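K.L.:
Which chain is which? The protein sequence lines are A and B, in order.
According to the numbering used here, the first sequence is numbered sequentially starting from 1.
According to the numbering used here, the second sequence is numbered sequentially starting from 341.
Calculated directly from the structure, the hints in this document are not laboratory data.
Just so it is clear, the structure is predicted and the values come from calculations on it, not from any experiment.
Some hints here could point you the wrong way.
[Claimed, not checked] Straight line, CA to CA, 20 Å or less: simulated PhoX-like cross-link-like pairs of lysine-lysine:
#, chain 1, residue 1, chain 2, residue 2
1, B, K557, A, K249
2, A, K271, A, K259
3, A, K242, B, K611
4, B, K541, B, K557
5, B, K434, A, K271
6, A, K71, B, K589
7, A, K193, A, K242
8, B, K533, A, K249
9, A, K136, B, K476
10, A, K242, B, K599
11, A, K187, B, K659
12, B, K611, A, K259
13, B, K342, B, K582
14, B, K582, A, K273
15, A, K273, B, K476
16, B, K411, A, K193
17, B, K342, A, K242
18, A, K249, A, K259
19, B, K659, A, K249
20, B, K589, A, K136
21, B, K411, A, K217
22, B, K476, B, K418
23, A, K242, B, K457
Protein chains: 2
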Amino acid sequence: VKIAIDAMGGDFGPAVTLDGVATVHQKHRNVEFMIYGRESSVLPVMKITGLCTSSRVTFFDCSEVVEMDDKPSGALRKKKHSSMRKAVDSVGAKEAHACVSAGNTGALMGMSRFVLKRLPNINRPAICGTMPTLSKTTKLLDLGGNIDCSSADLFDFSVMGSVLSEYTENRSNPSIGLLNIGEEEMKGNEQIKCTADLLEKSPLNYVGYVEGDDIFKGVVDVIVCDGFVGNVALKASEGAAKMLASIAKEEFNRNAVSKTFGLLCTPIFRKLKGRVDPRNYNGASILGLNGTVVKSHGSADKISFAKAVEVALQEARQKIPEKIGVILSDSNHVKREEKE
Amino acid sequence: VKIAIDAMGGDFGPAVTLDGVATVHQKHRNVEFMIYGRESSVLPVMKITGLCTSSRVTFFDCSEVVEMDDKPSGALRKKKHSSMRKAVDSVGAKEAHACVSAGNTGALMGMSRFVLKRLPNINRPAICGTMPTLSKTTKLLDLGGNIDCSSADLFDFSVMGSVLSEYTENRSNPSIGLLNIGEEEMKGNEQIKCTADLLEKSPLNYVGYVEGDDIFKGVVDVIVCDGFVGNVALKASEGAAKMLASIAKEEFNRNAVSKTFGLLCTPIFRKLKGRVDPRNYNGASILGLNGTVVKSHGSADKISFAKAVEVALQEARQKIPEKIGVILSDSNHVKREEKE
Chain A
1 VKIAIDAMGG
11 DFGPAVTLDG
21 VATVHQKHRN
31 VEFMIYGRES
41 SVLPVMKITG
51 LCTSSRVTFF
61 DCSEVVEMDD
71 KPSGALRKKK
81 HSSMRKAVDS
91 VGAKEAHACV
101 SAGNTGALMG
111 MSRFVLKRLP
121 NINRPAICGT
131 MPTLSKTTKL
141 LDLGGNIDCS
151 SADLFDFSVM
161 GSVLSEYTEN
171 RSNPSIGLLN
181 IGEEEMKGNE
191 QIKCTADLLE
201 KSPLNYVGYV
211 EGDDIFKGVV
221 DVIVCDGFVG
231 NVALKASEGA
241 AKMLASIAKE
251 EFNRNAVSKT
261 FGLLCTPIFR
271 KLKGRVDPRN
281 YNGASILGLN
291 GTVVKSHGSA
301 DKISFAKAVE
311 VALQEARQKI
321 PEKIGVILSD
331 SNHVKREEKE
Chain B
341 VKIAIDAMGG
351 DFGPAVTLDG
361 VATVHQKHRN
371 VEFMIYGRES
381 SVLPVMKITG
391 LCTSSRVTFF
401 DCSEVVEMDD
411 KPSGALRKKK
421 HSSMRKAVDS
431 VGAKEAHACV
441 SAGNTGALMG
451 MSRFVLKRLP
461 NINRPAICGT
471 MPTLSKTTKL
481 LDLGGNIDCS
491 SADLFDFSVM
501 GSVLSEYTEN
511 RSNPSIGLLN
521 IGEEEMKGNE
531 QIKCTADLLE
541 KSPLNYVGYV
551 EGDDIFKGVV
561 DVIVCDGFVG
571 NVALKASEGA
581 AKMLASIAKE
591 EFNRNAVSKT
601 FGLLCTPIFR
611 KLKGRVDPRN
621 YNGASILGLN
631 GTVVKSHGSA
641 DKISFAKAVE
651 VALQEARQKI
661 PEKIGVILSD
671 SNHVKREEKE
């Protein structure tokens, strides 16, 4: 398997992305990497990480970099020689099986749509993330790719999330919940109710409406919502968790006694953190395209970026885009009729 | 000040609501209470709590109860003799200065709108809650009253949230953020961009877009969003916090050593919990009506319900509806022109 890496993306650039790649490179001995970036920034780090001596790593010099504040449309038009674009291009040209970037989300989405094209019958690609819960994980989509979604779009997201959950998490017949503001049938807007109708008639394992707090209960395998709601839900829960961690730190640092207790509890806190550490859940999949693209969090560190690369690796191995394509064409007629 | 109480609302009914009232009754010696409920359920608890001997408490027997699964429209049409309706009626008749219910949110919203009527120039009332942050609290609205909101509605929410923050939290010129999925100007849908335009031209202290994680950072005094997004943000963050608490409990209960450490840390955990305990933030205000209505969480316990009663008390004392009305009529012409 070959994975293309946008080495320039993210808040820390090659120092973090290549460190992450080095981890995966060592762990998975049959994976090849295509590294895209600016030579002056990338080569020194490739030397330090030892990647430059590996026969499984190829470097491609790129003259441009997509910045975090670039407009997606501008990046798409003007930065054709950027590391991000070249990494996506390599997937489009079937030279790589997947690509990973920690860069500008809008630009990555735009370039991926433009280069890879949407799967037949998919109107809008969606960004799908993995959420920790008390038990198993939950896939949540869309996380911000699409602000306004029709019920047909939300239905497509359900299909894509179901395939991803089945083949990357080994869930058979994944259960799907539709994010709403109440579990009662009468709740929600027309678009949500309409999506529920489509899902009920479909062969998918649709279980009904779920609420915001269900995201972390592990009650369903996949939760579907529009990108605005998904993005706010993700960030609000991240914010709540960070606030709790900060307050806990403050309370344990209050005096000598509490500091001592805090030190004693370090191994317990470490386990706790390991179970919910966002780094372990990094790597959101852009689904609905003819190719695998994974978006890493911009502030990813080495561990976090390595996780995103592993997500791409798994999706490439499972040929997720092809599997989504098959499902959509298989039962396509039934679903499309209902969707009209 | 007189506060009307729907004693029958919530998961536990009078056992909790009246216990909460008893706490506030003792703390605030100049407040009177009008208790609405079914005699057979209420009187025994009034005896236990000692409320029945107080000259500041009046009980009103109600033949009906609004159930949690009642449809709002049905409750509004058919349950005119319910404790919820009678409590709202007492505010409408100016017999009480505010009312509190832990019952069916939709029914409470519907009855409040019907009985109290909207303030002039307010198209939709909104539900406003208080969120804990690292420093001060943040007001978040709408929390689920309105699924689809126009930019004029979101603008009205900003005015109402600003007044509530100023007079109940003593913030001068409260800062207002508009919840979006990015801080860049180009992000968001048309309705959000349009609201931003209105806010920029207004005398309100609008600071720009905020994201989901900003809810818990205390970066602004008021955060405005539509009711679907607000409800999901609230519940998702509650869910994340509950998951973290459960995982912490699991890790501390893992073995004898960790259990001992957990016991030693009990005072620290208690302080931590106190700072983020949702019970301390209970009591969401239904704003935009000719009267003060406060919604308590349905699963409220005594402490939690008492907090909601205190929220109602504070709003009644500050005459929040009147103050919102004055602001809206004062600068009304300017805003309306821009809103058209």
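K.L.:
Measure nothing beyond the straight line between the CA atoms of K582(B) and K273(A); if it is 20 Å or shorter, mark the hint as holding.
P.N.:
Status holds; Cα separation ~15 Å.
K.L.:
Can you confirm whether the C-alpha distance between K249(A) and K259(A) stays at or below 20 Å?
P.N.:
holds (9 Å)
K.L.:
Within a Cα-Cα threshold of 20 Å, do K557(B) and K249(A) meet the stated pairing?
P.N.:
holds (15 Å)
K.L.:
Has the given pair, K242(A) with K611(B), been kept, meaning a C-alpha gap of at most 20 Å?
P.N.:
holds (17 Å)
K.L.:
Can you confirm whether the C-alpha distance between K434(B) and K271(A) stays at or below 20 Å?
P.N.:
Violated. K434(B) to K271(A) sits at ~57 Å, over the 20 Å cutoff.
K.L.:
Quick one, are K611(B) and K259(A) close enough, alpha carbons at most 20 Å?
P.N.:
holds (14 Å)
K.L.:
Between the alpha carbons of K242(A) and K599(B), is the straight-line distance 20 Å or under?
P.N.:
violated (25 Å)
K.L.:
For the pair supplied as a hint, K476(B) and K418(B), confirm whether the alpha-carbon distance does not exceed 20 Å.
P.N.:
Roughly 43 Å separates the two Cα atoms, so the pair is violated.
K.L.:
Under the criterion that the straight-line Cα-Cα distance not exceed 20 Å, is the pair K411(B), K217(A) satisfied?
P.N.:
violated (27 Å)
K.L.:
Given the hinted pair K187(A) and K659(B), is their Cα-Cα distance within 20 Å?
P.N.:
Not OK: K187(A) and K659(B) at ~32 Å, beyond 20 Å, violated.
K.L.:
When you check the alpha-carbon spacing of K342(B) and K242(A), does it fall within 20 Å?
P.N.:
Not satisfied, since the Cα-Cα distance of roughly 40 Å exceeds 20 Å.
K.L.:
Within 20 Å, alpha carbon to alpha carbon, are K589(B) and K136(A)?
P.N.:
holds (18 Å)
In the structure shown, a violation is registered for the earlier hints numbered 4, 5, 6, 7, 8, 9, 10, 11, 13, 15, 17, 19, 21, 22, 23, in ascending order.
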